[in-house]
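Visitor: Protein chains in written order, with the numbering used here: chain V, 508 to 741; chain P, 32 to 419.
Keep in mind that the hints were calculated from the coordinates and are not lab data. These figures come from a predicted structure and were not determined experimentally. Treat each hint with caution, since some may be false.
List time: in silico DSS-like cross-link candidates among lysine-lysine, alpha-carbon distance up to 30 Å [unchecked claim]:
hint, chain 1, residue 1, chain 2, residue 2
1, P, Lys33, V, Lys625
2, V, Lys521, V, Lys725
3, P, Lys33, V, Lys565
4, V, Lys565, V, Lys625
5, P, Lys33, V, Lys624
6, P, Lys166, P, Lys256
7, P, Lys33, P, Lys157
Take a look at the letters that make up each chain.
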Amino acid sequence: MALVEIRNVYKSFKREAQTVDVYSGLSMDFEEGSYTALMGPSGSGKSTLLNLIAGLDKPTSGTVRVEGSEVSSMTSAQLAPWRARTIGFVFQSYNLLPVLTAHQNVELPLLLTNLGKKERAERTEIALGVVGLADRMDHFPRQLSGGQEQRVAIARAIVADPTLILLDEPTGQLDSKSSEEVLELLRRLNDEFHKTIMIVTHDAKAADRAKAVLHLEKGVLLERSQLSGAGVAT
Amino acid sequence: MKIPFVYNLRSVTQRPVSTALTALGIGLVVAVFVAMLALANGFIAALTKTGSADNVLLLRRGSDSELSSGIPREAINIIGASPHIATGADGRPLMSPETYIVINIPRIGGDAFAVANVVARGVSDKAFEVRRNIKIIEGRRFTSGQSEICVGAKLAGRFNNVNVGDVLRFSNRDWKVVCRFTADGSSFESEIWGENEQFQGVFRGNVFQDVAFRLKDPAGFEEAKRAFLADQRLQVDAHRESDFYADQSQLLGNILRFLAIMITSIMAVGAVFGAVNTMYAAVSSRTPEIAVLLTLGFPPRSVLASFLAESAVIAFIGGIIGCLLALPINGVVTSTTNWASFSEIAFAFRVTPQLLAAGLLFAVVMGLVGGFFPARRASRLPVIEALR
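Please build the complete structure, drawing on both the sequences and the hints.
Guide: Now the structure itself:
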């Protein structure tokens, strides 16, 4: 069974008086340990796909399953703890809480677990160590560079050891050097820590690092570039 | 499932101007709230402290105030023979048949029309033993048979000719002020005391207004009351002195409290709108942060609680400001007319720890009310749109 199963998903939005169809019967699977880049022009439904998988949005019809649980039929009360356990989300604009230190930002998802204070601190330090920012723990976001902020955001996404890491344009606001650092980090998370990663990107370099690249256009899977070790099937 | 409190604390400091203005608005409401209740408290305390639970006040049956009471001289000996009255070291009953009259005397700095009603109480020589809260702070007790008076400490500074050694003229007679006394801040401090026999002759013929006495057995009030009511020779009601004066404070005390709550409630509406505005602005400027918290898996109720807590913190700061603004009025003496005696009673504003706690609680309630709708909006944010 695939880690993520998308079956016959229809999704439409109401925009003013018009209904815009994003997907009309989309089906695809993502295997555990896969590293997939989703590419396509704006409005092609890339981010919507991440939102559906994370349970932030619901399909008009069809099902989205993650680890066998049907995300699309969960209530919001069920979704919050499920998301805390299962999903690590990274945004284009980092979205760190500006008034919290790097350590406090990374610790946030652990506050939703039953871990004690000491254990939380240890895991936070490990996560910050993995992203190479162990020495920036007490810095506030404004004291960090864009690349460092995004690495803190990645530490926050992995600290609770989620099954799936979803990244929406993670290198969109970074210079090439910082992008490179972030992409290298994602490769390590996939190779060394066997994390399942899905990245929405416009950046061809970012897509090149993924093991599989999917192109979406108007909600339709146009082509599939299967690279070595990919675990994507449609 | 709690969003760390430090997030809200630090967020509050990110908007110092709007936070300070909101807190100040709430602070002013709390200051008025505390000040007005301190006024009511002071008034009630002054009258409540006037009476003692060990003392009994006998009034004419049916009278609800000393002013409307009358007990004939013949009744005094009957009352004095009661076994329920404690006796002094000299073997005489600890009782004080009293005259009670309202006189008007001119205020300091006022013109000829600036007069105020003041209680002139004629007492027996035992009155100073019956009322244990009386302390002579200057001079000596008046001498029997002389036109001498003692004045309550709160009259000094507000009326002319009330210092020891002065001569105060009222009821066409000159009275020499021979002492000044305190009475634990009670309404006795707003009275003029002289010998009952002297006052009776000048004011009210052969009638006393009340008899105050000390109970022989402090627990024997009900028994004493029954005995006095059963005595066919007397037409008197027995009141526990502490209850009598406390009852006198009820009407005005309640009105003052009602006014305090009504006025501050109206003001609170304005302050709550200030809090609503500030919190809506906070939610609006932190939309992406809230969306992140929801995305991380914090349930909407945690977001609601978090923003409510933030609003409560701002309001609590306002509450502290309000309490600090109101504190200096503690002890300030003011006066009003006691509606039970139509005479002026001076009393001090009483800002108590309980009142300050009530002020802080009121502030937090304003914060919670003002923060509720913005916090609810935060908890219901559509995450996807908020993340864009």
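Visitor: Does each hint hold? Answer for all of them.
Guide: Consistency of the hints with the structure:
Restraint check for Lys33 of chain P and Lys625 of chain V: satisfied, since their Cα atoms lie roughly 17 Å apart, inside the 30 Å limit. Between Lys521 of chain V and Lys725 of chain V the CA atoms are separated by roughly 16 Å; this keeps the pair inside 30 Å, and the hint holds. For the given pair, Lys33 of chain P sits about 26 Å from Lys565 of chain V by alpha-carbon distance, which is consistent with the 30 Å threshold. As the CA atoms of Lys565 of chain V and Lys625 of chain V are separated by approximately 37 Å, the hinted pair breaks the 30 Å bound.
Between the alpha carbons of Lys33 of chain P and Lys624 of chain V the distance comes to roughly 13 Å, so the proposed pair stays at or under 30 Å and holds. For the hint linking Lys166 of chain P to Lys256 of chain P, the alpha-carbon distance of about 29 Å falls within 30 Å, and the restraint holds. Taken as a hint, the Lys33 of chain P and Lys157 of chain P pair is broken in the structure, with Cα atoms around 67 Å apart against an allowance of 30 Å.
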